[in-house]
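A.B. asks: If you read the protein sequences in the order shown, they are chains A and B.
Heads up: the first sequence begins at 1 in our numbering, then just goes up one per residue.
Heads up: the second sequence begins at 1001 in our numbering, then just goes up one per residue.
Keep in mind that the hints were calculated from the coordinates and are not lab data.
Each residue gets a CB set at the ideal place from its N, CA and C atoms; glycine is no exception.
Do not rely on the hints blindly, as some may be mistaken.
As the list claims (entries may be wrong) - To list a few chain B residues with every Cβ distance to chain A over 12 Å, as calculated:
| id | residue |
| --- | --- |
| 1 | GLN1081 |
| 2 | LEU1090 |
| 3 | GLU1211 |
| 4 | PRO1303 |
To be verified - In silico contact screen, one side only, chain B against chain A (beta carbon under 7 Å); selected entries:
| id | residue |
| --- | --- |
| 5 | PRO1160 |
| 6 | LEU1170 |
| 7 | THR1310 |
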Amino acid sequence: MIPPAIGDQRAGEVMPLSSGRPRHAWRAWLLTETPGSRAQARLGQAYVAWLGFRRNPLAMAGLTILVVLVLVAVLAPVLTHQSPVSQELGRRLQPPSAAYWFGTDELGRDIYTRILYGSRITLLIVGLVVVSVAPVGLLIGTVAGYMGGAVDVVLMRMTDVFLAFPRLILALAFVSALGPGIENAVIAIACTAWPPYARVARAETLTIRNSDFIAAVRLQGAGPLRIVLGHVVPLCTSSLIVRVGYDMAGIILTAAGLGFLGLGAQPPSPEWGAMISSGRKFLLDQWWVATIPGAAILVVSLGFNLLGDGIRDVLDPKQG
Amino acid sequence: MTDGAGARPRPRRAPARLLWLTGRELGSVALTFLGLLLVTFFIGRVVPIDPVLAAVGDRAPAEVYQRVKVELGLDLPLYRQFWLYLVKVLHGDFGKSVLTANLVLADIRRVFPATLELATVATILGVLTGIPLGVVAAARRGRGLDHVVRVVSLLGYSVPVFWLGLVGLLVLYARLGWVAGPGRLDVAFDDVVAPVTGVILIDAALRGEWEVFRSAFQHVILPASILGYFSMAYLCRMTRSFMLSELRHEYVTTARVKGMTERRVVWRHALGNVLVPLITVVALSYANLLEGSVLTETVFAWPGLGQYITSSLLNADMNAVLGGTIVVGAIFIGLNVLSDLLYRVVDPRAR
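Let the hints inform the model, and build the full structure from the sequences given.
C.D. replies: Here it is, written out as structure tokens:
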């Protein structure tokens, strides 16, 4: 007895809903069993994934946090009229109040404003690291997995070496060589973040490379480059996205840690970790200077973690 | 059919096979360590500070500059330089610290016990709380406590350790006064106990100085709890997932059908089998604490390896930074190997 395919259940669930209104027409088009084009099939798949994602309240909470973060970063000048860097010593170390929601710091800068602008730095760091690390890890992993032999041994040995360091310590060593600063912090984090991606991509490649369709492509005369880029890489992306989802919180925490140690973004930049570091001196009497930026870091990295869990549940249900 | 195995040559005896595996393991560890040194060598080379200028100053005549350059071996080809570096490091020579004017190795030996103390107390706390919580969460999957455990461990993955340390200091030390503040001891107890092992808790207990012990304990408990929280979050998550897959086995059903109490099934039978893979996880979390200790030590003015590395870094003391990095990396590798070996010894199937 063959169990009914997932698609059948879905169709049964959707059919009664599509009662002619435009929204439901779109839904039916997306969820059809017989897509008319490749684009329709892809969109349909994405829509099904979204439906699964939407059912997970924690993942939606994570997504909400991140959407708010992006909005805050974009709309920072609208949400506040103050400057994140201009000093006004007459109002230094004011406690949180109606005028200064999160208080002011030792140079009289509004902490609320600085948090808003700091979200830009956070997003910038995460974005730059992910954009630079994921393709590198993907390439190294797929090439190692597909080529096998000596290439595999050398590349994976390299990966192991980088995995053998605790990430923050290695990032510290890189920053010590490159000098402090936000660009160098990004480079240092990127240098330490790629190995897990290579591992994931390689594991995925090993399961794909002996499948029939790869053999078929090879018989049609495709070279290794074409096979890896055109057929292996696309199949690795979903596990890679899962990994990215997990990693982003770690990247934020590492960047904030570097900032806290004075090795990441430099003052007067409103980077959250650096803000905690400068507020430390006033911890006992003016608690808000150091603790509020930390709460911002916590909320954002929690958002990334929740989102990462949700993405994993949708794309990779076997591990849930 | 079933006797087929008897015809084949006898499999190598377990100890011999274990030895062979160990040998192969050692080879791969040596390679990893070599790679680690390559990385630190590379970092030391790209550093923008000219080591010759640092030694002679920028007013030295060109001929002195040349002489020192030759003395430092910087005129040699890179592979020769790396070879010299390798030999030096393997002899435990990481050079001198510019900041303290001591040999880096001596410095590390002095500060390491503080980190060891912190990480060990933290791991003990993490194991004692994380594993039972993980077991209970798995046994009552989907119910109240499971959700609580999930949230607690999720927070553990999301909270910045240095911020938690500051909040802990603010609330538990400054406001409530339940624990002692930064540092390892109250000032009054400095130098009361001569260091034997360097771990103050042990030294004080050996001498019977219980006042000192108490003070040291009050100082270590907050940073260790904060680090321990991270180790708990990790251990609890892993224990839960190991237990969930273990409880699906048929022997569990059999035990239940035979009327064994649920408590005995979970805590004796299932947990007993899970403890083996957990060893690896505990070793890994111990290694991860070394990383967390960099930030925690800064917050708590804890004079350990992490603080040594960061303060050297801020003073551009490259020998100290790279020496510390190598030591931490070596410990990391060592713990990984150790957990692998333990795994093989404890679990006969893995031999």
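A.B. asks: Test the statement that LEU1090 (chain B) is away from the interface with chain A: the closest C-beta pair must be farther apart than 12 Å.
C.D. replies: The claim stands: LEU1090 (chain B) keeps its Cβ more than 12 Å from every Cβ of chain A (closest is about 17 Å).
A.B. asks: Should the label of PRO1303 (chain B) as a non-interface residue stand, given a Cβ cut-off of 12 Å to chain A?
C.D. replies: holds, 16 Å
A.B. asks: So is GLN1081 (chain B) really clear of chain A, every C-beta pair being over 12 Å apart?
C.D. replies: Holds, because the least Cβ-Cβ distance between GLN1081 (chain B) and chain A comes to about 16 Å, which exceeds 12 Å.
A.B. asks: Find the nearest Cβ of chain A to the Cβ of GLU1211 (chain B) and say whether that gap is larger than 12 Å.
C.D. replies: With a cut-off of 12 Å, GLU1211 (chain B) remains clear of chain A, as the shortest Cβ separation is near 26 Å.
A.B. asks: Does THR1310 (chain B) meet its interface restraint, that is, does its C-beta lie within less than 7 Å of any C-beta in chain A?
C.D. replies: holds, 5 Å
A.B. asks: Would you settle whether the hint for PRO1160 (chain B) is holds or violated, based on the nearest Cβ-Cβ distance to chain A being less than 7 Å?
C.D. replies: It holds, given that the least Cβ distance between PRO1160 (chain B) and chain A is near 5 Å, below 7 Å.
A.B. asks: May I ask you to test the interface hint for LEU1170 (chain B) with respect to chain A, counting a Cβ-Cβ separation under 7 Å as satisfied?
C.D. replies: holds, 6 Å
Checked against the numbered hints above, the structure violates none of them.
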